[in-house]
Structure formats: C-alpha cells, structure tokens
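Enquirer: Throw the hints in and build the complete structure from the sequences for me.
What follows is each chain in one-letter form.
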Amino acid sequence: MPKHIVLDTDPGIDDSLAILLALASPEIVLDGISAIHGNASTAQVTTNALSILELANAGHVPVYKGCELPLVQPALVSPETHGNTGLGYAKLSAPLNQARAQHGSDYLIEQIMSHPKEITLVAIGPLTNVAMAIRKEPRIVENVKEVFIMGGAIRHQGNTTPLAEYNTYVDPHAAHMVFHSGMPMTLTPLDVTYQCIFTTDDLNRLLKIDSPITKFIADSTRFYMEFHDEYQKIDGCVINDPMTLALTFMPEICDYESLYMDVDISSGVGLGNTFADFYNYDKKAPNMKVALGVRPRMFMELFLERMEKLAKSMS
Amino acid sequence: MNPKRIIIDTDPGVDDALTFLLALASPEIQLEALTTVCGNIGIDKTTRNALSVLELAHASHIPVARGCAHPMLHTLSNSGDAVHGTSGIGKSILPEPKSQPVEQHAIDYLIERILAEPQQISLFTIGPMTNLALAIRKEPRIVPALKELVIMGGSLRAGGNITPQAEFNIHADPHAAHIVFHSGIPITLIPLDATYKCLLTSADIERLNKIKSPIARFVGEATAVYMDFYKKYEGFDGCVLHDPLTLAVIIAPELFTFEDHHVDVDISGGVSMGNTFADFMKVTKKPVNMRVALDVRGRDFIELFLERMETLSRFISD
Numbered sequence: 015m016p017k018h019i020v021l022d023t024d025p026g027i028d029d030s031l032a033i034l035l036a037l038a039s040p041e042i043v044l045d046g047i048s049a050i051h052g053n054a055s056t057a058q059v060t061t062n063a064l065s066i067l068e069l070a071n072a073g074h075v076p077v078y079k080g081c082e083l084p085l086v087q088p089a090l091v092s093p094e095t096h097g098n099t100g101l102g103y104a105k106l107s108a109p110l111n112q113a114r115a116q117h118g119s120d121y122l123i124e125q126i127m128s129h130p131k132e133i134t135l136v137a138i139g140p141l142t143n144v145a146m147a148i149r150k151e152p153r154i155v156e157n158v159k160e161v162f163i164m165g166g167a168i169r170h171q172g173n174t175t176p177l178a179e180y181n182t183y184v185d186p187h188a189a190h191m192v193f194h195s196g197m198p199m200t201l202t203p204l205d206v207t208y209q210c211i212f213t214t215d216d217l218n219r220l221l222k223i224d225s226p227i228t229k230f231i232a233d234s235t236r237f238y239m240e241f242h243d244e245y246q247k248i249d250g251c252v253i254n255d256p257m258t259l260a261l262t263f264m265p266e267i268c269d270y271e272s273l274y275m276d277v278d279i280s281s282g283v284g285l286g287n288t289f290a291d292f293y294n295y296d297k298k299a300p301n302m303k304v305a306l307g308v309r310p311r312m313f314m315e316l317f318l319e320r321m322e323k324l325a326k327s328m329s
Numbered sequence: 002m003n004p005k006r007i008i009i010d011t012d013p014g015v016d017d018a019l020t021f022l023l024a025l026a027s028p029e030i031q032l033e034a035l036t037t038v039c040g041n042i043g044i045d046k047t048t049r050n051a052l053s054v055l056e057l058a059h060a061s062h063i064p065v066a067r068g069c070a071h072p073m074l075h076t077l078s079n080s081g082d083a084v085h086g087t088s089g090i091g092k093s094i095l096p097e098p099k100s101q102p103v104e105q106h107a108i109d110y111l112i113e114r115i116l117a118e119p120q121q122i123s124l125f126t127i128g129p130m131t132n133l134a135l136a137i138r139k140e141p142r143i144v145p146a147l148k149e150l151v152i153m154g155g156s157l158r159a160g161g162n163i164t165p166q167a168e169f170n171i172h173a174d175p176h177a178a179h180i181v182f183h184s185g186i187p188i189t190l191i192p193l194d195a196t197y198k199c200l201l202t203s204a205d206i207e208r209l210n211k212i213k214s215p216i217a218r219f220v221g222e223a224t225a226v227y228m229d230f231y232k233k234y235e236g237f238d239g240c241v242l243h244d245p246l247t248l249a250v251i252i253a254p255e256l257f258t259f260e261d262h263h264v265d266v267d268i269s270g271g272v273s274m275g276n277t278f279a280d281f282m283k284v285t286k287k288p289v290n291m292r293v294a295l296d297v298r299g300r301d302f303i304e305l306f307l308e309r310m311e312t313l314s315r316f317i318s319d
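Protein sequences appear in the order of chains F and X. Here the first sequence is numbered in our numbering, starting from 15 and rising by one per residue. Here the second sequence is numbered in our numbering, starting from 2 and rising by one per residue.
Calculated from the structure, these hints are not laboratory results. Please note: incorrect hints may appear among the correct ones.
[Stated by the list, open to error] Here are some, though not all, of the chain F residues that point toward chain X, as calculated from beta-carbon distances under 7 Å: (1) Cys-81; (2) Val-86; (3) Gln-87; (4) Arg-149.
Backbone N, C-alpha and C define an ideal beta-carbon position, used for all residues, glycine too.
Expert: Structure (structure tokens):
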C-alpha cells in the first residue's frame, strides 16, 4: 500500500524538486499540497505549486493556499536564493487550475482527521500552517501517522543567520509549537542536507533526456547553483527538500538519533536556532527523530533515477 | 441610536460572566455572540460557563463558539483556580447548560461574522487573545473589516497581577497580544491602570441581594471566591471588575481618561515576558497604535454596574 502524503511547501526550487520526486515515486501517493509563504509569497508559491503539478501532468492533485505571514515575525522571503518568482530561471506557464477554496491549515486538519493514522505530513517550508492547524484542532497530533520536517541546523551552521536555518528562522514560533506538539516527527536538518550536493555532472546526466521536466530542473537549479557558488562556495546546489520527502519511503538514506529538540524564540541573536539536548541536561524525553548521518549518493542516485523515469515518460 | 453590536471573546471567569450580564442589561449594546478561549481555566469549562451564564440570564439564543484550547506558545497555568474558583465562576454552581456551542471553531466564527458585515461588529476581548491572533493570521482581511476592538489587558504604570510586570490576559498569550497590537485594528486598551479603580465591595453585594433573583444571587456567589482572593493576596475588601469595565467604552465613555500611545508587549522571554509598555516619551517615534484608558471614575462605574444588575434582577426575579 503506498503511503498517503500531504505536502506543506513553499516552492521554491528544491520544494519543486520534492513535488516532482513525490509524483515520480510509486511508494507514495501525493494527496494534496498546502502552500505556505517562505521562499516567496504565499500567492506566488501557490501559483508555482499549481504550475509544477501541471508541468508533470498532475493537475488533479489539489492545492490549498495557506497563511500569508509568519505568526509573530515580520514577513521574510528569499529572492536572492530562489529568484523573484521562487523558481530560479525557470519560466513555467501560468496554471490552468486554481487553488481550492479551503484554507491550507483547514485542509491539513480535514485530511488528517478524516484518515486517522494514515496521513504522512511532509512539511518543507516554514511551519505556520502546521502550527495553526495544531492550535485550532489539537486532535491532529494523535491522528497524524507521522511528520517529516525539513528544517533546523544542529551542529551545522545556519544558512540564514550564523545560528539559524531558513525555515525555522522565518517562523520560529510556529516551529516551537510544532516541536513541542507531541506529533511523531522526523527532522531533516542542514547537518544532513548539506552533505547532498546536486552537481553539474548530475544535471548533465539528466539533460541527456530531452523533456520539459529536465529543462525545468536545469533552469531552476542553475540559479540555485549560482547562489550556492556565490554565497557558500559550493560547486553545485543543496537540495534539502526532496531528501526529506525521500525519507518517507527510503529511511535507510539517513541515520537517526532520538533527541529532545528545542527552538530559540527569545528574540536575541539566537532567534530560530534549533538545538538538541545531546547530553540530556534537561531530563526531557526525546520529542523527535533527527537525521544526523547520511549516505549522500544513495539519495542522489534515487533522485536522479526517478527524475530520469519521469522525464522519459514525458519526453 | 441603534445599539452597538458586539462579540465578546472570553474565558469565563467571574468577571467575564459579570460582563455578559452587564451587556445583556444594557440597552446601548446588542450582544451578538460569545467566543470562548482557554485562560482563567480550560476551554471545556469556559465554554460550559459561557452557555450556563447565558441560560441563567434567559439569553441562550445568543450563539457561543468554542475556541482554542491552548495559548500559542505559553503553557496554560492553572493559577486561575485560586482567583476564579475551580469551576471558574467562584462558589456559584450553575446547572449544566442545555444549549450547545455552534459547530464552527471560534477562529472561523469570528472571521465569518466580521467579513459578513464589514465595519458593523465591535469585538471585545476579555481573555487571552489566541483566537483573534490566529484569525488575523488565517484571514488578514478581518483587520480592515472590524469596526473596533476593545481589550481588557495589560498594565502600563500599575504593575502586573501575574508577574511583577505582566497582567494575566497578556501574559497567558503574549505572542497573540503581540500579533493583535501590531495588526492595525483600531484598539482601545483597558489596562489594570483603570480596572483597579473599580472595586465591587461586600456592601455592594448586600445592596444587590435585597432583590430576590437568581441574577443577584449569582453575582454574590460568583464574586465570593474572587473577594477572598483579593483579601488574601492583595489586602483589600472587594473585588476588581476588570472585564465589565470594557463595556463602559460604549455605555459611559465619559468616565475614562484616554490617551493615544504606541503600546508594545515584551515577548523576548525574560523576566519581562508579557509586559505591556507605552512609549510615553515618544522615544521610538513609532506611530500610535491604540487608545489607552489610563484612569476611570471607578465608583461611578460601580454605581452604573449595580443599577444595571438591579434592573436585570428585577426582570429575572424569583
């Protein structure tokens, strides 16, 4: 039985690749997408989600527009990382479909509550929608099957401030609510995603197939690669989000530790810093599994094979 | 003049319950609905109490929408028990309500009512502002559609009543208060600076109980624990009518001394968590975001409250 996935996402270059990986993976069914501000505005990422689904002939997957602002912090988007539209140099057609009327947070509630213990939530943007849903309907905590989160940086440095990763920095209060919710969570922090570099060689391998999918991957990631090269001296780009999605059906990509994780919301220089209580000073029970070790090529081969298959089916 | 149409977002709570009674007893006000939130006590009890008090006052036609069971980030403390009694309304034992809350969540109920009639509804929040803050983030268009917001909360010069610096409603969900304060909604704040001028005394309760009525009896029984608390912890005879005072913004605005200020709330997590502070000296040059009641003719308000309770008690007598 394939796993039923709901994706909360802010596409976003690597978010788009996560959507494509979900569509290309027979182990899972993408039930729906709730869009959230982050890499670009909520309106923009909602349009992007619809366009990417249509690009991959998956216009039947419903998209729901979520919150437009972080809970407490001012709005923050990242055109320098993802481009003005959120998709780098890729130019996708305007979508034919529209977002559904229901709010993204209500979609999460309804989907989880109507399928108890069956829905795997994959949250790869700021956690505003998920936090809103938990406070509005606390029973989703017991009824969600499991939750995979891309976010945080534990021993690794931040990519937004010296201490904070982007998703947790954009809405640290939402991350705090989710971390302490009691949901069964697996966290994919920068500690593992920064081991997985999508290189020009990888891209050239995909480009042997002439397809709108490979063209999209090339146009979007070229911008991302320029960013990673200019700011972080990395040849290639880091694709955080598809790796988080891959863990839902191929957990052996990573090694995990069960840890008590917290987020700094005290408004100082550490705002959004995610930290683990490795020595159990606080004597608190672990609240999530954290991916701290990774087999980078295992993930990258999976990603490339799936993208090749998807591209061939649409060449 | 048409009565003002209001929704009260509330965590009843002794003085919350007295606020509903005052609203129902006031021809200047049309109470449209109650939305409940956790605060003085948990959400099951606040929702039950809201329904029960409405039934006591023959007003069960007024809808009640159940709201959030937890503050956004803080953990709910049960300190309310000592102040409001374990039931939330003192020694009063009201029968289980026959009516039910509406199916809709308070967040969605607020959004729907406010958007359905732009600039018609005044909202009064007399508990932690979790419901309103999440409603603003879920549907930002309620901000321009809301006519006005009156908040019982905060303390500017008066000190706190839950920490040395923080007032209870704000401290219970400071992040929600932060969202609301900076939302752009036209706000009137009724802080402890004004509410502590409004003391209901045991002599007042005796006066009210000359009328044999379930209303008068309820006011006496509900305030008994509340009065014990103030005597034990704060050393005075009587109890403070924080929440009912908000309604004086409609009924008797002339009692207040208002000033316009930029008011913020500390959410930085230190000893000042939940402290509300006004930029009295304009050092930040930030624009005014609310009107603040810094003083009130307290005894005049108590007289008004007692007269209205007497009228309601005569109307619903034994």
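Enquirer: Against each hint, give a clear statement of whether it holds in the structure.
Expert: Do the hints match the structure? See the list:
no. : hint    : verdict
1   : Cys-81  : holds (5 Å)
2   : Val-86  : holds (5 Å)
3   : Gln-87  : violated (10 Å)
4   : Arg-149 : holds (5 Å)
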